[in-house]
Amino acid sequence: MDSALAVRALGALAHDHRLAAFRLLVQAGPAGLPAGVIAERLGLAPSSLNFHLAALVQAGLVTQQRQSRLVIHRADYAAMGDLMGYLTENCCGGASCGDQVVGADACCPSDLIVDPTPIHEGKVA
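Numbering (the working numbering), first residue to last: 381 to 505.
These aren't lab readings, by the way, just hints derived from the structure by calculation. Some hints could be false.
The calculated label-pair distances, taken between Cβ atoms and stated as ranges, are [claimed, not checked]: (1) C472 with L422: 29 to 37 Å; (2) S428 with G473: 36 to 44 Å; (3) D382 with S448: 36 to 44 Å.
For glycine and all other residues, C-beta sits at the position ideal for the given N, C-alpha and C.
Start from the sequences, fold in the hints, and give me the full structure.
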């Protein structure tokens with residue numbers, strides 16, 4: 381993933397309703413959800429939700445598939461993984477996270493964590 385795609389994806393997620401919709405779709409799994417169900421669960425007007433879903437689709441984080449009269453929305457797990465990989469690519473000074481689930485412990489093993497204690501007069505306080 382290049383930085384332009386990452387910025388677009390992060391920008392799309394930088395809104396309460398879009399983040400909530402994306403998280404709901406991630407929880408829904410590969411089956412996805414129709415817009416009406418998403419709107420109901422999030423307490424949003426359908427027209428408002430469609431605007432937010434369009435931003436997530438444009439950012440490449442959500443896919444749409446028409447099934448009869450419904451449009452099913454799904455989180456794009458590959459895109460989500462690419463974004464997480466981009467964000468953690470050089471975590472902890474370039475130490476590889478490997479295939480671990482990204483989190484504070486996975487990304488920054490305790491032996492690489494810098495002591496946040498303030499330094500006073502050239503000494504550690």
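We went through each hint and held it up to the structure:
1. C472 with L422: 29 to 37 Å: 35 Å Cβ-Cβ, so the 29 to 37 Å window holds.
2. S428 with G473: 36 to 44 Å: Because 43 Å falls inside the window, the suggested range holds.
3. D382 with S448: 36 to 44 Å: holds (37 Å)
Going through the hint list in order, the structure satisfies each hint without exception.
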